[in-house]
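Student: Mind docking chain B on chain A? Use the hints.
Heads up: the sequence lines are chains A and B, in that order.
By the count of our numbering, the first sequence reaches residue 323 at its end, each step adding exactly one.
By the count of our numbering, the second sequence reaches residue 723 at its end, each step adding exactly one.
These are calculated hints, taken from the structure and not from any lab test.
It cannot be assumed that every hint is accurate.
Only pairs whose alpha carbons sit at most 27 angstroms apart, straight line, appear in this in silico BS3-like list of lysine-lysine [stated by the list, open to error]: (1) A:Lys-131 with B:Lys-634; (2) B:Lys-634 with A:Lys-144; (3) A:Lys-85 with B:Lys-634.
As a plain string of letters, each chain reads:
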Amino acid sequence: MKGAIGAALVAAMFLAGCTTAEALPEGRADGGAPRPVDAKDPAVIPSGAAAPAGSCDPRASLRPSGALPAAGRMPAGSTMAQIVKRGRLVVGVDQNNYRFGYRDPKTGNLVGFEIDLAYEIAEAIFGDRNKVQFRTVTTAEREKAIQENTVDIVIRSMTMNCDRWQRVAFSTEYFSAGQAILVAKGSAIKGLKDLTGQKVCAATGSTSIRNIAAKAPQAKPVSGADALDCLVMLQQNQVAAVSTDDAILAGFAAQDPSTVVLPERFTEEPYGMAMKKESTDLVRFVNGVLEGLRADGTWTRLYNKWLSALGSTPQPPAARYQD
Amino acid sequence: MAVLIVLGLATGLAGAIGVRQRIDLINGATARNGELTVAAQRLYRALSDADATAASAFLAGGVEPAAMRERYQADIADAAAALSIVSGGRAGGEEGDAAVAKIAAQLPVYTGLVETARVYNRQGVPIGGAYLREASGLMRSSLLPAAQSLYEAVSEELDDARDSAGAFPWFAIFLGLVTIAALIVVQRYLTRRTNRVFNVGLLAATGAAAVLVIWLAVSAVLAAGRLDASRDEGSAQVARLAGARIAALQARADEAHTLVARGNGAAFEKDYVEVMPRVTQLLVLDGADDATQAYARAADAEAQKWLEAHKDLRALDEGGQYGNAVTAAIGTEPTSTASIAGKLDAQLAEAIEHNGKTFTREVDSAAGALTAADIGVGLLAALLILGAALGIQRRLAEYR
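So that you can see chain A by itself, here it is in the shape it has in the complex (with noise of 0.2 angstroms):
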């Protein structure tokens, strides 16, 4: 009985000691900036173009039929009669474009040479600047915008080329950038051939991207779903470089004086406000609105209000027809 009532009580002892000191957790947790939004390390590089450089004149837009209508009294029928009654022009832009087109923080409104130049177009269609819409689309999603009618134009630092004709029609060009490359400064990287085995950071969609595959193949390129992006990859050593048009990089180096753009200029990269293929008559009035600006210094003016940092005034590039 001794011996039950023992086994008795060590079950009790077993059953209210139960409870032992817990192990502690590994706290184990990952360090490091984290990746912007749809950024891909390594980028999609897009594959073949639908038609090759060099397959046609990527600056040769349509010739304006005569002059322009006046403000409000657009052609019957005509794609801007279409915009009048809707009361509005939608068009596409960047909004972290720093000086081209971007959100001013202070104030909220979007600002710059490629807004302004949006502003023109309203004026001339409306004979009233304001009555424009803009909604900002991302670099992949310009050519999507147009195709869908989600907007009447895009102006976002859009390099015409062979390729893109194949799908949107392109204004006569406004703005000459080339591709250059964006780093820190004190960086050992001093041009395209010091990329080998480095990140380099451009946005997806872009033409920058391809190039930066085609001319320095030994590079791991990095996309951002918006140049900006690249910035802040560059700021937070998740990329070592970021190559794209040395207009969009002057805006960079403007936002952060830690870094530096080099001297090398590898590509030309004209930029055109693209619209639907079809609507040839708005490109052809697009165009109108685009040489009464070079004429009468308003493109002049604009590129000092916005762009005199990126050095002296140049002429406003010449327009080319293919017609």
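Tutor: For chain B alone, coordinates are given in the frame of chain A:
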């Protein structure tokens, strides 16, 4: 005799220890897990609100309004405080540990990105917006999912603790019934052998055993009933209300991010359209008390108002009136979606607090149902053993 005493001892021990363990589970695990669940919810809410507030502050333009800055800072402080509670409670097992470590590591990264964005915004350059997008991406793709899994792990533990605490004491009751059976067999045997009908000691032991079994059973059933009520009228409602609150906060962040993206925010708007019906669905509360139903109705009315106001806001933005759309979203007038979402959040917060109190009350009364049962069961077991021992002792003495 030895068999009887061992049985009595075992019944008493199993009963008393079982009761003690269940009281501990109720006071400890259940009440504690209830508080940890609340802390996990608080963490999620604070993080989600920080995301929505940072986006709204960005929309406000310029130097953000002081009230928005304060709200953001309060959110971050609240998130950190709630995280320290959950972390100190070691809740949610391995999954919980991993989520806590992740949030603790990434919350400072998130705030760093937000502050970087703020500094650049004050300088008037667009890279601030890029930092804010990166911060929000980290929040939505990493921090909030971690907080969500933490909440789920913790509330699962609450359910487990409640199930153990409310379990019926089958083993102790079985032992008690065996003891009673054994006592009856012994008494019948003695009656046949000695022709005496009653043996006072054994009769008392039988009585004590019967009372013990009934006490154990009744107290267990009562406690389980209160625990069920703590779930049905407390934590289950809190879970649904918290779900609605979190969905509403997510919708609020979506609305702000759609405007921040400025024409490029279709994904956020799609998320808003998906999330808002969840708010209404979760506000259908079966088994909630009248006060909660009233809160839910008021919250639902705000949700409907919000949907209407949101439609107008989207029409403004789509129609090219971006500035007016921003005012409709973050303005301080009562018709702005900020005001409506604020009222919705306040209704849900009150409903959650009300049900949290119900939870605590029911858990307390569950513990109350078991009060003194451990001591009572112990005393009864002692009485049982004593009665059995005395009763048999006397018979043995008569034979000597």
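Student: Decide, hint by hint, whether the structure agrees.
Tutor: How the hints compare with the structure:
1. Restraint check for A:Lys-131 and B:Lys-634: the C-alpha separation of about 23 angstroms stays at or below 27 angstroms, so the hint holds.
2. Restraint check for B:Lys-634 and A:Lys-144: satisfied, since their Cα atoms lie roughly 25 angstroms apart, inside the 27 angstroms limit.
3. For a cut-off of 27 angstroms, the pair hint linking A:Lys-85 to B:Lys-634 stands: about 24 angstroms separates their Cα positions.
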